[in-house]
Amino acid sequence: ETGVTQSPTHLIKTRGQQVTLRCSSQSGHNTVSWYQQALGQGPQFIFQYYREEENGRGNFPPRFSGLQFPNYSSELNVNALELDDSALYLCASSLWHDPYGYTFGSGTRLTVV
Amino acid sequence: DQQVKQNSPSLSVQEGRISILNCDYTNSMFDYFLWYKKYPAEGPTFLISISSIKDKNEDGRFTVFLNKSAKHLSLHIVPSQPGDSAVYFCAAKDSGNTPLVFGKGTRLSVIA
Numbered sequence: 001e002t003g004v005t006q007s008p009t010h011l012i013k014t015r016g017q018q019v020t021l022r023c024s025s026q027s028g029h030n031t032v033s034w035y036q037q038a039l040g041q042g043p044q045f046i047f048q049y050y051r052e053e054e055n056g057r058g059n060f061p062p063r064f065s066g067l068q069f070p071n072y073s074s075e076l077n078v079n080a081l082e083l084d085d086s087a088l089y090l091c092a093s094s095l096w097h098d099p100y101g102y103t104f105g106s107g108t109r110l111t112v113v
Numbered sequence: 001d002q003q004v005k006q007n008s009p010s011l012s013v014q015e016g017r018i019s020i021l022n023c024d025y026t027n028s029m030f031d032y033f034l035w036y037k038k039y040p041a042e043g044p045t046f047l048i049s050i051s052s053i054k055d056k057n058e059d060g061r062f063t064v065f066l067n068k069s070a071k072h073l074s075l076h077i078v079p080s081q082p083g084d085s086a087v088y089f090c091a092a093k094d095s096g097n098t099p100l101v102f103g104k105g106t107r108l109s110v111i112a
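Chain order of the listed sequences is A and B.
Just so you know, we're using my numbering here: the first sequence kicks off at 1 and counts up by one.
Just so you know, we're using my numbering here: the second sequence kicks off at 1 and counts up by one.
Honestly, the hints are just simulated from the structure, not real lab data.
Relax, there's no trap hidden among the hints.
To be clear about the criterion: a stretch of chain A counts as covered by chain B if any three or more of its residues have a C-beta under 8 Å from a C-beta of chain B, and this derived list gives those stretches:
1) 41-49
2) 54-61
3) 98-111
Stretches of chain B that chain A covers, calculated by requiring three or more beta carbons in the stretch to come under 8 Å of a beta carbon on chain A:
4) 27-35
5) 40-49
6) 93-103
Quantities reported herein were computed from a predicted structural model and do not represent experimental measurements.
Glycine is no exception: its CB is placed at the ideal position from the N, C-alpha and C atoms.
All chains should be modelled from the sequences, with the hints used to inform the complete structure.
Here it is in C-alpha cells:
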C-alpha cells in the first residue's frame, strides 16, 4: 500500500510568481484535501476534491485553485504569490465518507521572497 | 474564530511519567475527534480517535477521553517515552463531508 507523495519537498518563489504543488493519493483513496500550515499554527483547510470536482473550500482567495485527475492525484496552484503564502502545504487523501482515514503526505515547504 | 483550541503550546514530561495533552472545541456539531502526531519534516500521522458516542478510547499507551458536556478532550500517554517527543494536533469534524479542523498543536518533549 503506497502512501501519499508530495512534490517538490521544498521550493523558493518570488512574490508575484505562480506555483504548482503536486500530490499523489494513497492507493484506494478517492478524495484529496489540501491544507496550509503556517509557522506555529495548525493545518488550515484550503479545499477538497472528489470525483475531480472541488467539494468544499476554506477561507482562501480564488488565487488558490486545484485539480484532481482521474487517477485521484491532485495539484494545488497558487497565483500572484504573496509573502504570507510562505508555509508548509499538506495534502491528505482519504475515502469519501470515511471520517478517520486521512493519510497525509510529508508536505511541500514553500518560501516566498 | 478558532473551533478547536489547544491552549498549551508546549509540554515537558519525564520519561516514564504520564503526558496529558488537552483540547477544547466550540462546535457542538463535531462528531469525530482525532489526534495526530507530527515529527519535523514529516506529515501528520494518525494516532488515535474517538467518536462522540464514546467517552474513552484506548490503544496501547494512548488513551483519549471525551467530555461532551465540557466540549473537552484529552490525550493520555502512559508511560511517556523519548520517541513520543513531537507536535500533537487535535482535530475534529462533523458527520458530513466536511474537512478536519485542527488545533494549533502542542509540542511534547519527553526527557530521559
